[in-house]
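> Now for the letters of each chain:
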Amino acid sequence: MSRRSIGEVMLDVKNISLSFGGVKALTDISFNVREHEIRAIIGPNGAGKSSMLNCINGVYTPQQGSITFRGKTFDHMNSREVAEMGIARTFQNLALFKGMNVIDNIMSGRNLKMKTNIFQQALRIGAAEREEQAHREVVERIIDFLEIQAWRKTPVARLPYGLQKRVDLGRALAMEPQVLLLDEPMAGMNIEEKQDMCRFVLDVNDQFGTTIVLIEHDMGVVMDISDRVVVLDYGKKIGDGTPDEVRSNEEVISAYLGTSH
Amino acid sequence: MGPFLETLIGGLMTGMLYSLVALGFVLIFKASGVFNFAQGAMVLFAALAMARFAEWIPALLGIEHKVLVNLMAFILAMGVMIMLAWVVERFVLGKLVNQEGVTLLMATLGITYFMDGFGQTVFGSDIYKIDVGLPKEPMFLLEDVFQGGILVNQEELSAAIIAAALVALLAAFFQYTGTGRALRAVADDHQAAQSIGIPLERIWVIVWSVAGFVALVAGIIWGSKLGVQFSLSQVALKALPVVILGGLTSVPGAIVGGLIIGVGEKLSEVYIGPMLGGGIEIWFAYALALLFLLVRPQGLYGEKIIDRV
Amino acid sequence: MAESAVSASHGGALTESLTFPQCLLAHARMRPEAPAMREKYLGIWQTTTWSALSTMVLQMAAGLAARGLKRGDHIALIGDNRPRLYASMIAAQCLGAIPVPMYQDAVAAEMVYVFRDASIRIAVVENQEQTDKVLEIREQCPQLTDIIYDDDRGLRNYQQSGIESIDALLEAGALYEQAHPGKVRQAIDEGGFHDDCAMFYTSGTTGNPKGVVHTHASLILPSRTVSQQEGLGPQDEVLAYLPMAWIGQNIFSYAQWLINGFTINMPESQETVMIDMREVGPTYYFAPPRVLEALLTTVTIRMEDASPGKRSLFKHYMALAKRIGGRILDGDPTVSFSERLQYQLGDWLIYGPLRNALGMSRIKLAYTAGEAIGPDLFSFYRSLGINLKQLYGSTETAVWVCVQPDGHVRADTVGKPVPGVEVRIRDNGEIVVRSPGLLREYYKNPQATAEVRDAEGWYHTGDAGYFDQEGHLRIIDRAKDVGQLANGAMFAPKYIENKLKFFPFIKEAVAFGQGKSEVCCFVNIDFEACGNWAERRNLPYAGYNDLAAKAEVYDLIQDCVNQTNADLALDPKLADSQISRFLILHKELDPDDDELTRTRKVRRGFIAQKYEVLLEAMFSGKDSQYVETQVKFEDGRTGAVSATLRIANAKRQQGLAKAA
Amino acid sequence: MLYRENGQFKTSYQADQQIFPIAQDRYLILALIAAAAIVVPFIASEYVFRALLIPFLILSLAALGLNILVGYCGQISLGTGGFMAVGAYAAYNLLVRIEGMPAVVAILLGGVFAMAFGVVFGIPSLRIKGLYLAVATLAAQFFCDWAFLRIKWLTNDSASGSVSVPELMVFGWNVDTPIDKYLFCLGFVVIFALLAKNLVRGHTGREWMAIRDMDVAAAVIGIRPVYAKLTAFAVSSFIVGVAGALWGFVHLGSWEPAAFNITRSFDLLFMVIIGGLGSIMGSFFRRGLYCDRAHRA
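Protein chains in written order, with the numbering used here: chain A, 1 to 261; chain B, 1001 to 1309; chain C, 2001 to 2660; chain D, 3001 to 3297.
Only chain A is shown next, with the shape it has when bound in the complex (with noise of 0.2 Å):
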């Protein structure tokens, strides 16, 4: 199968600081991400992974550093613009809205592109069903491709850990983002739901071209699908490259050995 060819640098992240009242979460992080890859952030648990991505998404505001995606800089991220600009982002202990059922969570990702006024709504004639429907649509199509067709209206919070996390993945790519954040999508999986995430992973960044940004804990499933990798300690990069530079790189491998997972 041949792979979509990677671009330039679309995402670069410079100097990143982080603390929370005096514990540094990250200490100047710098690393690049080109369109159309996919980029690993690895680190043992606790090592700033997910502070990173809060960072890009603007959940957290770093002390330092700044963050610049296609040409434009910002010293700090505005969820809102954030999305705007088409990154979107899947959680590491399940963000789903547990109040609702597959298709509700997966449409949430489409409010973006919602433009029906309040009134309209209240209303429901013409635009606002026509809008509902046409979103609804999209909305299919990505159950189709996560293969979540059995479970459409079960409210998430019924449905195992292995789906609620492609119920998660779904709800990133209703925003049809440019790049997507991916927070340790295989965490607390069995084998053949690693194996159908990587596949998911694979066919996103495949067919339409997704830059996918992904953080695992455990090196294993990750060095197989990306083609560099980010590897963070305590909050400070202590690697960055390609999956095999990675592997051979002293620091990596006594911080890997150092922890236990």
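It is possible that part of the hints are untrue.
[What the hints assert, rightly or not] Straight-line distance between alpha carbons at most 35 Å, and here's what the computed DSBU-like set of lysine-lysine pairs gives: (1) C/K2183 with C/K2310; (2) A/K115 with D/K3152; (3) C/K2315 with A/K153; (4) D/K3129 with A/K115; (5) A/K194 with C/K2587; (6) C/K2310 with A/K153; (7) D/K3197 with A/K98; (8) B/K1095 with D/K3152; (9) C/K2601 with C/K2364; (10) C/K2315 with B/K1095; (11) C/K2632 with C/K2601; (12) C/K2610 with C/K2444.
[Unchecked claim] Chain A regions said to be covered by chain C (calculated; three or more residues, Cβ under 8 Å): (13) 9-17; (14) 199-211.
The set of hints was computed from the structure by calculation and includes no laboratory data.
Don't be surprised by glycine CBs; every beta carbon is placed ideally from N, CA and C.
Keeping the supplied structure of chain A fixed, place chains B, C and D upon it in accordance with the hints.
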């Protein structure tokens, strides 16, 4: 200058009482995560009990010695409050462990209705007096500083002193006693506390009893001031802004908050009230608290909230 | 009047002798806007009308012609039930080519034989998975020129030559049609009623599969007769959810579909079949016993979790239904009014909702066949008021040999011969059939053909059975499997195995005893049922083979075996073949290990040699035996499992024959 | 019981996304409404209308409004009584101060005022969460209690804020008999229920639920908490305000601030939470009038 100081002191003194009631909230919230709306009802209930026992005892036992009577009445009332605490734990909270905040809040609302109804059926619903012999006649301070000096209501003063003492006591209890430590452990993490063998049920009963005790004292003080009547339960509503101002989980917060609200309220009533047609202290406290929260959402001493995802 | 009544009952159903493509055109002409198929896709039921379908088919046929498909060529269909796979089947038949549907879960290696034997020219496949399999075997199959896929997910970047999407094929078809207008139509007109139209490979219990060749006539004639007998018509709804490679699927939702012009509904995916069934509410339904079994299990499990009140209500009314439900369905006049009243109440409270939950509210006619069905299971559905009937047939007879007529439905017979079908029992007890539905031949295998069809055109089913006094056919077993014990007494392993399998706790059973003095058997426990049973007794178990080895489970199974023996004892012919010893296998018998056929029939011979050690142990009276076996995992890897199996004794009843 | 989904397959998203996809549900609810509108007037006594049905309808309307805030957007409010009061008094003022103001318009505008008021007091919700917010909303309650008692202008200078409305004329229909009043309220409830249901099943509704269930995730998919929360406050307090106006105009006729005191707020919150916890009453509401999330499942 004189009038200002007067108001200030007045404010501080009522503030002390707010702190007392607020403390009731904080204790329970810390220990069981319950936002106890029933606190006000408890005050009324306790006061009613106290007042009525103080009437019944002489009638039944023919004891006339006032101090003795009040003492017995106090003990009985306290007993009632402990019973109440046990009932609440046994039949309400015990069933609602790990429920959402709102549900618990609603539960305490239920308790409120129950206690209002029950209390008034058992103890009657007229206006009763409590007389624990707090000095009534006003006194003047610093007469040599300004002419006329500062009028201080002795009753309020003594009340404030009692409240202060009690607050200090509780704070100490919370900090230094084993039970206090257990309480804080529970407050931090139910499961963990349970796993290291702290008996939740007992802790909760204790907390509610303490809250009951606080309510009783508050009830006596307010009661002997305003007379024991339904409006007493509104006291709690005045303590609410104190709690959120101070931070739901902070004992010092409750104290400082109480003082701030007390003073703010009095000052506003005196200096702003007239412009707005008076009676503004019922909402001014809230407005104050609200404004404050906008600056510090977690209250004065509450822990900072960090969203982890 | 009478005429109008007829046309009302099955107006639109075709009675002339048309080939399938001609049927399609007829329907497109008569009822262009009526729905031909629906597929649940993207969350809603996407409908294809007859006219739309015929347009698609013609274009597809043109496309196939453009790819050089000629009369007599073979074309493989691999995949789940998908509208465009059905369309491609008709399209192939338009050109007089012969579609060969295959099981989508077959592994590449298994496919090679069929591809070579039938010298497949073109393979129309569902998706990437199937495409990869076919690519794997392509160089072994020189005649295979084109692979055409329906769903292009993940296939866009396939560079290999000779692979294209159906969309591409359709475009090619459009061009071809412009180049040679009317060519396809002409081909359709040239098609003869007695031409070959499809080929089905029988997963023979021994040796290589054989290609059963059927003509339009052989598939249509008996199906039409039954359709009329059962009053099927355009108004009916069918759920197409069984593998296309299976003749039954082809009869129920292809042949009868094109004859009667009803609507076939295709589920969204394998997981959603239940949901989709509930939405569609088919009126005409087929399910093999194992599916009905699974449905019943889900119901019972759900009831076990229900509130006590509900459960007792359920129990009460199910008891009532068991008593009179079936009789009411059979139109038995002896059912009292009050009973009918109670039943009606039960229908509101229990049966109705239950039928709804099963998706069977609208069923007018349901068949089951393939293997013998448990009496309890069978009567459960009938007692709910669902007209479930048994039928008897095989790939070679285009299914229809016997069908149970309404009002005369028994759990232990397969009913009376279908009009136009002659059935006889030979002296050795074998059932032979003469019918318009018989296969034309085994493909490229005259010798095999000769073996099964004698000079007078009787087809030898290989099944042993007899007609009971009411003229209903009873099947005992495969004729060749009906053997003898050492003492000459009759030994019908399948019959015994079925009796065992009727117990919910037993998934599979294999009985041995040919030429021996006694009967022994292997048992596979039903993991789900036994698992629940164990949990209810809070009996911990690690997994299948742990559970299978538990003493309690052995006792449980022993009861089942003893009861079976009791039954057998009642039948003088079979009293001697009671089971004397059994063991519970440490692994589930599995088609991937060739222990079962794809249709989950046990391969007794194969199993016998694979587990020789165990057999010897059993017959030599040991009470335990160590065994090691190869297993194949889903991903194709192989590994070994080993265990020491306990061999238990069963209680044999005093046979009545001897008692008398 | 007679529930039969078999054969009710959907061939379009419109059909699949309608409020009650199962025909039986549709008929049931229509039957209920019809019964309420046609049958009840014949069987219920005057007393029942006055004491039960009318207050029941108006309070369920208020509860419906509150549920949008609490149930869907997850923002606890103890100021409902206050919002009702604003609705009632605003409507009253419009009616008495503006010549020829139609009652219905006054009532709806009353809702609009309540909406504005609600939005202002909703602003804290952007910073404050959960119980803190609950208490903060009490500010609204007490402010209203005070304002309508002390600020004469608001009550058209009537003593101690007690006011009364002239008889209710709705486009020539004189709503004075209990039955009229009942039908009048029923109309409001049905229409608002429908509109509310449409909102919560539209993307605004999803925004609210998203904020309620997981606000961080909501922000990350581009939902603005400010907008979501304030719209929730706006819609909620509009409906509550209308309910307040009805309470004053239709149920009481003449009232004073005490009619909308804190106990009312608590009662309503009770209704909603109990409803959420699935009591008969509550579940009836949730099934019949509110959007029933479980039903979508």
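> Checked against the structure, which of the hints given earlier come out wrong?
1, 2, 8 and 13
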